[in-house]
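Enquirer: Spelled out from the first residue to the last, the chains are:
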Amino acid sequence: MAEVLTTKIEEIKKGTMTGGDLAKQMADLKRQIENIKPGAEDKISIIVFSGDLDKVLAAFIIATGAVAMGMEAVMFFTFWGTPVLRDPKKRVGGKDFMGKMFGFMLPKGRNAIKLSKMNMAGMGTSMMKSLMKKKNVASLDQMIEMAGELGVKIYICEMSMSLMGFKQGEFIDYPNLEYVGVATFLEQAKNSKVQLFI
Amino acid sequence: MAEVLTTKIEEIKKGTMTGGDLAKQMADLKRQIENIKPGAEDKISIIVFSGDLDKVLAAFIIATGAVAMGMEAVMFFTFWGTPVLRDPKKRVGGKDFMGKMFGFMLPKGRNAIKLSKMNMAGMGTSMMKSLMKKKNVASLDQMIEMAGELGVKIYICEMSMSLMGFKQGEFIDYPNLEYVGVATFLEQAKNSKVQLFI
Amino acid sequence: MAEVLTTKIEEIKKGTMTGGDLAKQMADLKRQIENIKPGAEDKISIIVFSGDLDKVLAAFIIATGAVAMGMEAVMFFTFWGTPVLRDPKKRVGGKDFMGKMFGFMLPKGRNAIKLSKMNMAGMGTSMMKSLMKKKNVASLDQMIEMAGELGVKIYICEMSMSLMGFKQGEFIDYPNLEYVGVATFLEQAKNSKVQLFI
Numbered sequence: 284m285a286e287v288l289t290t291k292i293e294e295i296k297k298g299t300m301t302g303g304d305l306a307k308q309m310a311d312l313k314r315q316i317e318n319i320k321p322g323a324e325d326k327i328s329i330i331v332f333s334g335d336l337d338k339v340l341a342a343f344i345i346a347t348g349a350v351a352m353g354m355e356a357v358m359f360f361t362f363w364g365t366p367v368l369r370d371p372k373k374r375v376g377g378k379d380f381m382g383k384m385f386g387f388m389l390p391k392g393r394n395a396i397k398l399s400k401m402n403m404a405g406m407g408t409s410m411m412k413s414l415m416k417k418k419n420v421a422s423l424d425q426m427i428e429m430a431g432e433l434g435v436k437i438y439i440c441e442m443s444m445s446l447m448g449f450k451q452g453e454f455i456d457y458p459n460l461e462y463v464g465v466a467t468f469l470e471q472a473k474n475s476k477v478q479l480f481i
Numbered sequence: 284m285a286e287v288l289t290t291k292i293e294e295i296k297k298g299t300m301t302g303g304d305l306a307k308q309m310a311d312l313k314r315q316i317e318n319i320k321p322g323a324e325d326k327i328s329i330i331v332f333s334g335d336l337d338k339v340l341a342a343f344i345i346a347t348g349a350v351a352m353g354m355e356a357v358m359f360f361t362f363w364g365t366p367v368l369r370d371p372k373k374r375v376g377g378k379d380f381m382g383k384m385f386g387f388m389l390p391k392g393r394n395a396i397k398l399s400k401m402n403m404a405g406m407g408t409s410m411m412k413s414l415m416k417k418k419n420v421a422s423l424d425q426m427i428e429m430a431g432e433l434g435v436k437i438y439i440c441e442m443s444m445s446l447m448g449f450k451q452g453e454f455i456d457y458p459n460l461e462y463v464g465v466a467t468f469l470e471q472a473k474n475s476k477v478q479l480f481i
Numbered sequence: 284m285a286e287v288l289t290t291k292i293e294e295i296k297k298g299t300m301t302g303g304d305l306a307k308q309m310a311d312l313k314r315q316i317e318n319i320k321p322g323a324e325d326k327i328s329i330i331v332f333s334g335d336l337d338k339v340l341a342a343f344i345i346a347t348g349a350v351a352m353g354m355e356a357v358m359f360f361t362f363w364g365t366p367v368l369r370d371p372k373k374r375v376g377g378k379d380f381m382g383k384m385f386g387f388m389l390p391k392g393r394n395a396i397k398l399s400k401m402n403m404a405g406m407g408t409s410m411m412k413s414l415m416k417k418k419n420v421a422s423l424d425q426m427i428e429m430a431g432e433l434g435v436k437i438y439i440c441e442m443s444m445s446l447m448g449f450k451q452g453e454f455i456d457y458p459n460l461e462y463v464g465v466a467t468f469l470e471q472a473k474n475s476k477v478q479l480f481i
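Protein chains in written order, with the working numbering: chain A, 284 to 481; chain B, 284 to 481; chain C, 284 to 481.
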């Protein structure tokens, strides 16, 4: 009996040795896991630098498309993209000379922007708009509304606002609008699976 | 004898306690692994929005360069990028008025596109082409052929086709060509290490 | 006594069985870990294809902003971006006819580039520059210096240099400047969290 037991115990002991090895292997795995650089969140971050109708449309088509697929979407409007979000019905005072000049020269909101090519004194732009209607492609107006409903976040670049003399009071009403610096955008971008500069 | 055995068993038992701890640690590791957001595939996804010769060339240089490095590459041609892939020798009928007009106004394929700058009534574009030949840089024609051989996937945007009235029958012969919506592209883009909007 | 021992041993044996199971589970976890695609490094890679003042400024604002957040930044100057880094005070000889022509026609460095829109024969560009000064936004000159101090890496595309006939001797003095091919850039880009084509 005792002999059988001893043999069994030896067997078991081998088992516990394996246990020790396992502990070592476990520590190795832990280290490996800690060293893995994790991937990004299921999010898309788009810099809308351009103020051309075709490019802004593309940005919204991509952003709303991404949200429809279950991703998050953030759009950062900067430079020529900034005036696209002005509300032509809103007026603000207290602008300096340069601010007034920019306010005058830059397009007054999304319905005043033009195609980057084939604008042909506005004819190409009108043609494209009527074509989009005919082919059931959402207009920029509808696209922005949809983006708001779908929860697309819109950031407006504070530096661009300052340069162009824009005030917070002259932008469109939008559910998820924030005025931020480039750092806030980059924080989102680096945790996103997709980033685009449009 | 029995006493020796008991002691041994106590030792072993400690071993199994370690076993229990290991099981707990194992479950922890499992949870950690499940929570890691995995990185993307070794792939590049390029949106070719522009139809300018210089930008389309850049897109192909990047895509073929990536494949030469062992990456996968996907190019999504949309908007002004779409007509670049027309085959000037192919003619399709059944277009409506707007489709005919776009067909007429947009460049007829890769040999009809121009530089985005310094085109100078075509002189800059010709100069660049002859220069590329002299410096042994592949032409767009050669680049597209090479891309096909290397397995670069080309997607053509269905919405752009619909807007511009293009039919599948008028695009170039290419081994890996598909007609897709923005969702199909985004699905690839979000699993890619690199994404560019050109 | 022996009976008690046997029971204990049976218990322990169960423990060692768990040990065996653990080994199997461990192997499973190992496989899972090996299959995880690791995420990218805390780095941003920017292709500066455009030579427009507004876009080059945006590229530097983003790159320096990223470094200020603790990220690495790499900028790859190609095509129209290349002449932006010329030093107007440096002259090199030994250029062929086309090289001289490009040298003459392309902007002579960062102070000669223009806005992509509203340049208005230079008036818009001057206006923007004076405005940036007034609003305490760093000029391109200051931005490049800051980028150098912060450790932003600058790559100049060898193929563009060859096409445009530029020599290494005519570029600006910059602490982290290298002349590379597209493969070197892609190697960095695919390990970066953010990539942009500007």
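Careful, some of the hints might be misleading.
It does not matter which identical chain is meant; a pair holds if it fits inside one copy or across any two.
[Said to hold, decoys possible] With a cut-off of at most 16 Å between alpha-carbon atoms, the simulated EDC-like pairs for lysine to aspartate or glutamate come out as follows: (1) K418 - D379; (2) K417 - D456; (3) K473 - D370; (4) K417 - D325; (5) K372 - D456; (6) K417 - D379; (7) K307 - E441; (8) K326 - D311; (9) K450 - D379.
The set of hints was computed from the structure by calculation and includes no laboratory data.
Enquirer: Each hint should be assessed against the structure and marked as holding or not.
Expert: Now the hints, each set against the structure:
{"no.": "1", "hint": "K418 - D379", "verdict": "between (44 Å within a copy, 12 Å between copies)"}
{"no.": "2", "hint": "K417 - D456", "verdict": "neither (28 Å within a copy, 30 Å between copies)"}
{"no.": "3", "hint": "K473 - D370", "verdict": "neither (31 Å within a copy, 33 Å between copies)"}
{"no.": "4", "hint": "K417 - D325", "verdict": "neither (34 Å within a copy, 40 Å between copies)"}
{"no.": "5", "hint": "K372 - D456", "verdict": "within (11 Å within a copy, 50 Å between copies)"}
{"no.": "6", "hint": "K417 - D379", "verdict": "between (43 Å within a copy, 12 Å between copies)"}
{"no.": "7", "hint": "K307 - E441", "verdict": "neither (52 Å within a copy, 49 Å between copies)"}
{"no.": "8", "hint": "K326 - D311", "verdict": "neither (32 Å within a copy, 27 Å between copies)"}
{"no.": "9", "hint": "K450 - D379", "verdict": "within (11 Å within a copy, 46 Å between copies)"}
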